[in-house]
Amino acid sequence: MSRSRSDAGAGVAADPLRPSDHADSGSSAPDQPALGLIGWLRWAWRQLTSMRTALVLLLLLAIAAVPGSIFPQRSADPNGVTQWFTDNPDLAPVLDNLSLFDVYISPWFSAIYILLFISLIGCVIPRTKHHWKALRARPPRTPARLARLEDHRERVVPVRSEDAADDARLAIDLAHDQLRRAGYRVERYDDGLSVSAERGYLRETGNLLFHGALVGVLLAVGIGGGFTYTGQSVIIEGRTWVNSLLDYSSFNPGRFVDEEQLVPYSMTLEDFEVTYQPVGSNGAGQAGDFAANLTTQLAGEEPQEGVVRVNAPLELAGDRIYLMGNGYAPTLTVRDPAGEVVFSEAVPFLPQDTNMTSLGVVKIPDGLSEQLGLVGFFYPTEAPLDTGAFTSAYPALINPVVSLDVYEGDLGIDGGIPRSVYALDTGDMERLTGGDTGVDSIQLAPGDTADLPGGRGTITFEDEAGEGAQGYDESVKRYVSLSVHRDVGAPWVLAFSVLAMAGLLAGLFVPRRRMWVRATPVAGDGEGAVKLEYAGLARGEDPGLAGAVDQLAQRHGDAVAGVLRERV
Amino acid sequence: MPDATLTLDSVSVLLVWTAIAIYALAFVAYAIDLARRSASAIEEKDAASGAVRTEARELVGAAAGGSTTRARGAGAVTSGSDSVSWTQADGAKKPRLVWARLGTVLTVLGFLFHLGATVTRGIAAERVPWSNMYEFALTGTLLIIAVYLAALVRSDLRFLGSLITGLTVLLLGGATLAFYVEIVPLMDPLKSVWLVIHVFVASLATALFALAFGLSILQLMQSRRETKAKGPGFLRTLPRSEALESLAYRFTIIGFMFWTFTLIAGAIWANDAWGRYWGFDTKEVWTFVIWVLYAGYIHARATRGWRGSRSAWLSIIGFAAVLFNFTIVNMFFKGLHAYSGLS
Ligand code: HEM
Chain A
1 MSRSRSDAGA GVAADPLRPS DHADSGSSAP DQPALGLIGW LRWAWRQLTS
51 MRTALVLLLL LAIAAVPGSI FPQRSADPNG VTQWFTDNPD LAPVLDNLSL
101 FDVYISPWFS AIYILLFISL IGCVIPRTKH HWKALRARPP RTPARLARLE
151 DHRERVVPVR SEDAADDARL AIDLAHDQLR RAGYRVERYD DGLSVSAERG
201 YLRETGNLLF HGALVGVLLA VGIGGGFTYT GQSVIIEGRT WVNSLLDYSS
251 FNPGRFVDEE QLVPYSMTLE DFEVTYQPVG SNGAGQAGDF AANLTTQLAG
301 EEPQEGVVRV NAPLELAGDR IYLMGNGYAP TLTVRDPAGE VVFSEAVPFL
351 PQDTNMTSLG VVKIPDGLSE QLGLVGFFYP TEAPLDTGAF TSAYPALINP
401 VVSLDVYEGD LGIDGGIPRS VYALDTGDME RLTGGDTGVD SIQLAPGDTA
451 DLPGGRGTIT FEDEAGEGAQ GYDESVKRYV SLSVHRDVGA PWVLAFSVLA
501 MAGLLAGLFV PRRRMWVRAT PVAGDGEGAV KLEYAGLARG EDPGLAGAVD
551 QLAQRHGDAV AGVLRERV
Chain B
1 MPDATLTLDS VSVLLVWTAI AIYALAFVAY AIDLARRSAS AIEEKDAASG
51 AVRTEARELV GAAAGGSTTR ARGAGAVTSG SDSVSWTQAD GAKKPRLVWA
101 RLGTVLTVLG FLFHLGATVT RGIAAERVPW SNMYEFALTG TLLIIAVYLA
151 ALVRSDLRFL GSLITGLTVL LLGGATLAFY VEIVPLMDPL KSVWLVIHVF
201 VASLATALFA LAFGLSILQL MQSRRETKAK GPGFLRTLPR SEALESLAYR
251 FTIIGFMFWT FTLIAGAIWA NDAWGRYWGF DTKEVWTFVI WVLYAGYIHA
301 RATRGWRGSR SAWLSIIGFA AVLFNFTIVN MFFKGLHAYS GLS
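Sequences listed follow chains A and B, in order.
Residue numbering for the first sequence follows my numbering, starting at 1 and increasing by one per position.
Residue numbering for the second sequence follows my numbering, starting at 1 and increasing by one per position.
What the hints contain is simulated information worked out from the structure, not anything from laboratory work.
Do not rely on the hints blindly, as some may be mistaken.
Stated by the list, open to error - Label pairs and their computed distance ranges (CB to CB): (1) B:Val-196 <-> A:Ala-495: 18 to 26 Å; (2) A:Thr-268 <-> B:Leu-177: 45 to 53 Å; (3) A:Pro-303 <-> B:Val-196: 30 to 38 Å; (4) B:Leu-109 <-> A:Thr-275: 41 to 49 Å; (5) B:Pro-232 <-> A:Ala-111: 39 to 47 Å; (6) A:Ser-281 <-> B:Arg-310: 51 to 59 Å; (7) B:Phe-324 <-> A:Val-439: 53 to 61 Å; (8) B:Ala-150 <-> A:Phe-251: 50 to 58 Å; (9) A:Val-498 <-> B:Leu-109: 40 to 48 Å.
In this text, a Cβ means the ideal position worked out from N, Cα and C, and glycines have one as well.
Same shape as in the complex, but just chain B (with noise of 0.2 Å):
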């Protein structure tokens, strides 16, 4: 039987080496796609001729808004905003973005192996595979996939793929490297429902936080484009920084929600573990501190002269305490929550 168990855990490990190497192809993949649109965002801007000019103008105009009343027909509606609410920078003609594409399909293949990978790991641990760092970045990563690729569904946000697939590519791989452990059986106190609801909820906050902190750097370079007209060219082809930042503001209060119910559900569990619900252990001090940023990126959000750029900085400052909290504050704080499973 120990042997049976080793050979699964033994697979699982290959396939999350395999998963990496397939993330590592997207990210190549969709760092391609970003420089061809560069590339033929400023192409576009060289062949500027009059004609595009005009049309392109009239196609912003018409999705800026104002009142519209040109198609007066019976029965015909015509639409005051664009209601796709994040019209493209300049250009108007939608490139076909071959190499984003494939970067999708490589990410889906990896996301598939990492899944296999997370399925085994638990599989062969007859647990939960999130109860030690390894397992957290394991579980977390592919979490990160998860949404990127749900959101994809729903908004082409394509051009965050470099950056969610090299982060993914960068803590996966240095988890395996430096966290891997073999399986041993859970400690006492991890034996909990509450492992399974809010390692798990932490896991998937810190997901979507990851997704608001890459729309939030793109934020930042982009409204620096449109002041300063400064920047890589593929900015163009992306959306508006306000529009940017009304979808990382969305995925931050999703976020910030299921951070919530973490700490709270970390506090009745701590309760029971513990002997009380908070004693201000460093990893609950770290939780709060990160809720407290989030909040305060909310009410910037909300504060005359704190949105935009601002705020943006505080959602990246929020996600760099996520991952500080992750790495360092598991390795090197000493406290309760003493789970990393490394020695």
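Bound conformation, chain A alone (with noise of 0.2 Å):
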């Protein structure tokens, strides 16, 4: 409980200097500007830095971070803002002017978390030069009334000796020594009879550091994203991956990365692993344990095995390579009608759902007579919907089968507009099997081969898994999709965090107090006494103040009383 408003009067040199409208500050400062431009600026430079300031923009920073998680964010849910605009094609757009698909970097956000760090400079530098000499100064006067402070105690202690004031002056020796050994910072005032001291200047340290850490923080994200990138790649089993950008199917470089500098090394794909629940436990086909195992090359080196896990990145040469997702990619190889190979590669298609049902494109420019799309599924065990349609019942390989339309027309690759390799733009083209062409969809398992239809030539399912394989289990290739970051800022965020975190912990845990010991002669006739006054004073929050008053008034009263017997 903060007893610290009832100032009895003590030195307020060494109090932590806040913002006047602090609930533990002294002074009210006038609310009127005074005259004059300089007049003015100081009063909004003071109404900025103030705590009120303060406390609404803290709040208002916390009803602004909301819409972000209500609307999609372009940074991390592209595709949902892709979405909501179809959805929502009157309102997004509108939206859209107000940034609430990004939120995080919008105006109205940043002039919140701007002025709030602005007022917490400026109230934190003013702060710190204070809290500078404070720290080097003396605990203040004792206050001449103890008694009016709320935390008080007394206590009475008879002398036999000549000299009652000599024995005073005993009894502040001893408080002052047991309040140094305390951890107190002591000072003796009143020609030795009284004893000040003042501890916990760990409080203000801590509260300074936590709040200069978080503008460490935010400097940290605020530049190293300048010097941070990612990028995807994908990697079938078997292919090697150069990092250059020419190897990346994405590539997002901040401000001051230089696209040209990145450290050469390649990545080889030995295998990946994965596990299924088996099918009739709880969770069955629930994948996990992913491992892609890696054969890594810097540049002028030896080869070293790598690898990637959930939750273990890879480190490499400053990078961080994650394992971001992973699928089967059917090794499928076209022949023109003589026979001739067209197209022979290992094509990744994209998981759909959790059984691994996957989607696939596989273009074919050059070599046959017209260009040729092929778009179909994979499913790794093929069963019936109840529609006629196919599903696949579990993620592993038990019952392979490509299904695949074809299409025969301008791929549209050719006008230098990108194209993605995992859609097929079917306008330009007509379609050769499935829906109402009358014609099936081609079917294959691996190993089996079909005819185009029309005499276009054949395709094959290649079946990885060579010569006397049991089963299907090696018959697809698999990929993995890999994430390779750099990401400069991020230890020093962590650094800054963490001494936020410490002066956290001191900020609102370690106590700030003031302690008074007084010891007043009393004479008598005959037989004299000492009056010994104990109070102390809370700087902030202090539950524990009244209690260390009980402490201190039992400790050093008993010993004084000790003390002084013996003397007699």
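Join the two chains, each given in its own frame, into one complex according to the hints.
Have a look at this one:
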């Protein structure tokens, strides 16, 4: 409980300096701006750095952060934003103008936190200066009337020696030593008849450290972001990937990243491991224990083995490599009517559900009379649905099938417009199988070959397991999608966060208090006495103050009684 | 083997329901206690003869501070202020509170069953029992009760008992009905030491905020009674609103520290699991909002004109956000933290 408002005239020299509307602050600043521009500016600055403004800005920050959890954000969920635009074509542009899809970089959100941090800096700098001085100041004079303080104890010890004043001074010496041993900074006043003690400077230090570290976090995030890049890549088992812009499927550099200066290294996916919960158990088909086993090689060094797991990225040349996804990449071979191979590749199919029903596209621009596109699904364990369509019933390779439809016409890849490798634009193409064509879709198990419609050639689903393999276990290659990150700011953010946490601990839990002990000789006829007074004053929250004064009174009083008895 | 696991889990569910039933009884006992406090407080008021009045005033006067030099005997220490910082509002007589005692006994008993339920669930699942919504609720409410019981050792907070047990019955009962899922193996992203640390500390912070929430509600009621002389009678037997406030503040700052740690630990985990330490994912947003709200509360306590009822409202809003984060955000908001285990 705070008792600090009842400041009984104790010196304010060593008080922490706080904004004038701090609950514990004695002075109350005039609310009227002084005349003139300078006066007005000074008034505005005082308003901005006041506790009330800080509080209002904090609450505004909390409120302003909420819409970002209601509307999809471009940074976290770009597909969600696209979907939102499709679902609400009228409303979406309006919300977009209000930056509701980019809340955290919006002008209004930025304004709030920038003002908050200006207020913070404006508040912390003068306090730091003040605290720096206070750290070297002596504890303030003992207040004249200790009894006026809320936490106050008294005790009278009888003495039989000649000089009660001498005994009183002795008592203060004892208090001085006891308090100093308890970690107080101490100073004698009143001609040695009182001692003033203060402790808990660490509280203010912690508070300043906390607020300062928040600035550090903000700077580390802001500056670090400029040097950060993330890139996505896909590697099929057995293939090698090189760290250059060409090999990334997407790359998002910060402002100061030099894209030509990526560290040269390569990674080969040796194999990808995953386990699926067996059929019949709880969570059947649930995937786990993902591991991408890589061979990595830095330019001019020996190749090394490396593993990427979920929660355990691989560190390589200052980059961190994360496992973001995985899937199947059936190897398909297309031959022209003469039997010449015009296409033979492992094609990554994108998983659509937890049983790895996967969607894929094959584009054959050259080698046939017209460009050919194939779109279809891969089912690791094909099973019929009630509708007659197929799905995958289990994510492992038990009954793998690819089912493809053939389109002929312009693939649209010659016009220079970038096209996703996972999507086929069928606008300028003619459908040859499936749908209304009356021709069945092509269905292949590993090792199967089928004719393309109209004598256009053949397509083969290669069995990668090789001769004599049991079942389909190894029949289809897997691929992983990896994300490569470099974030030079992150360690700094962490360091400042830890500092903030340490500051918080000190700022919240170290009690800051003053203690006074005064000894007054009481003259009596023949038998003198010393009146001992103890008082404590909290600077900020201090629920333990009363207990601490009790304890001091008890310990010191007993010690004095003991010593004075010995002296007799 | 699967059979044995199944039975262990159903034992756990049985224990949960037993615990809920006992908590419900504890709630009743605590509620009766409050009702009787009202009654006795009113009786006292009616019977307040002059003698009783003066005595009470004297005691309150002694407790409220001021210098006292009554006992001037050698070596006697006189206390200028009550070392128990929260004197009772009006009454001087301390009632025996049989029903409150019964409530506490029942709460301890319920806690033991609850603990048993949580441990058996953990053993059955072969991992820490806080990996999906049902289990968060199981462990989270266990911690609320644990913090409450631990706090009882130091100070008499039994007037909070009905609120705490009531809240627990609602949360735990609701979670068991709505969120219960069978044990399934952990998803890969959850296989991390940070699951153990981050989620546990978050639950601990939640428990502390829950107690602060209860105290802030009582603080508001109490201060209304102090200024407008309105409100249920049991408030007379409770500490003054300032004392309730400082107690609420103490729980909050400990909770706030744990929440700060949760935030940092979550960011470290996110950096390992998702490749960035912060991405304004919905759950991250709400963790941040709650953190800022409680930082606001701490500031409000230090701002002139905001101490007292206004800051109490912030503590209540903060806890509402905590509950919102746990229920609505987990169930209806889309995000990476899709670990409710519900489909
Ligand atoms: C990013 C914004 C801010 C956050 C998150 C924040 C958070 C906190 C927290 C958690 C505390 C308690 C910890 C401690 O005492 O060490 C605190 C205390 C304090 N803050 Fe801030 N703060 C912010 C901005 C500000 C600003 C702008 C000011 C100045 C106007 C300010 C002034 C203070 C003061 C004076 C205290 C001490 C309160 C007391 O005496 O109990 N803070 N702040």
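Ala-150 of chain B paired with Phe-251 of chain A, Cβ distance criterion 50 to 58 Å
Roughly 52 Å apart at Cβ, these two residues keep to the hinted range, so it holds.
For the hint 30 to 38 Å, verify it against the beta carbon of Pro-303 of chain A and that of Val-196 of chain B.
Given a distance of about 36 Å, which is inside 30 to 38 Å, the answer is holds.
Range hint 40 to 48 Å (beta carbons of Val-498 of chain A and Leu-109 of chain B) holds or violated
holds (42 Å)
39 to 47 Å was suggested as the range; check whether the CB atoms of Pro-232 of chain B and Ala-111 of chain A agree with it.
holds (45 Å)
Does the Cβ distance between Val-196 of chain B and Ala-495 of chain A fall inside 18 to 26 Å?
holds (24 Å)
Taking the CB of Phe-324 of chain B and the CB of Val-439 of chain A, does the distance hold inside 53 to 61 Å?
holds (55 Å)
Hint says 41 to 49 Å; check whether the CB-CB distance for Leu-109 of chain B and Thr-275 of chain A agrees.
This hint holds: roughly 43 Å between Cβ atoms.
Verify the CB-CB distance for Ser-281 of chain A and Arg-310 of chain B against the hinted window 51 to 59 Å.
holds (54 Å)
Do Thr-268 of chain A and Leu-177 of chain B keep their Cβ atoms within the hinted range of 45 to 53 Å?
holds (52 Å)
Checked against the numbered hints given earlier, the structure satisfies every one of them.
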